[in-house]
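Taking the hints into account, I'd like the entire structure generated from these sequences.
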Amino acid sequence: MNKFKSIKSIFLASALTIGLATITSQNVLATSLTTKTYIVKSGDCLSVIAKKCGQSLNDLRKTNNKWNDTIFPGQIIKVPVTTSSTTSQVKLKAQDKMVAKADNIAIKYTESDLNLLSRLITAEAQGESYSAQVAVGAVVVNRVKSSYFPNSISAVINERTKGGYQFTPVLNGNINRPAQASALKAASEALSGVDPTNNALFFYDGGVPKGLTEPQPISKVIGNLTFVYLIK
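Quick note on numbering: this note's numbering labels position 192 of the sequence shown as 176, and the sequence is numbered without any gaps.
It should be emphasised that the hints constitute simulated quantities derived from the structure, not laboratory data.
Restraint ranges, calculated between C-beta atoms of paired labels, are given here:
(1) Lys50 / Asn135: 21 to 29 Å
(2) Gly190 / Cys37: 35 to 43 Å
(3) Val65 / Gly111: 27 to 35 Å
(4) Pro201 / Gly38: 45 to 53 Å
(5) Pro57 / Ser113: 17 to 25 Å
(6) Lys50 / Gly190: 38 to 46 Å
Below are the SDA-like pairs computed for lysine to any residue, each with C-alpha atoms no more than 25 Å apart in a straight line:
(7) Lys129 / Tyr213
(8) Lys62 / Leu41
(9) Lys35 / Glu95
(10) Lys129 / Ser115
(11) Lys20 / Ser166
(12) Lys35 / Asn52
(13) Lys62 / Asn135
(14) Lys92 / Leu41
(15) Lys36 / Phe56
(16) Lys46 / Leu30
(17) Lys62 / Asn48
(18) Lys62 / Ser26
(19) Lys46 / Gly27
(20) Lys25 / Val65
(21) Lys92 / Ser138
(22) Lys46 / Pro64
For glycine and all other residues, C-beta sits at the position ideal for the given N, C-alpha and C.
Set out below in structure tokens:
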């Protein structure tokens, strides 16, 4: 049973080096657009969801890049939320450098990717905590980001090495079972950049097996799942 898991990203955090002439500080009112999630229920349609969430139908379509009306129960819809906060803006001397690093950014994915990842999480982490479910999804996302693995959700989950599948549910067919609602939500969080594993690329049900050819330091243990790194 091969319980390895990980992922590879399409967007990488960017670093900016900025040099400015003087040091000043001022308060700035910052407005940012974030999203919350809504799980589709039986009888829902996009216009009904937009009304429930106090959004325009057009804004809901833009946020989800969805221009048709096809949705299904259990699907996760992103709802835009505007927040404002006051921040302190600091300018640095010319000889100083400031490195601004972007937050984790979601990798690109399709509705099919979300559904596939949700079904994998259901099969691999059924009965585990919600945090463990997000962690399983994060391992797949981390593999998509890693140069050691394929660069898409589907390719990572269906990858075969030395004649065997990386994920047992693909081999035994359990991946074809419907996704649980909690797994859909966990998959959405993992795809948006949430990672309880701190960039782990594999996980095992139980402890790390003995006799591995490569050292795999443990990143985190969540419930019955052990998440590890890969050293090359």
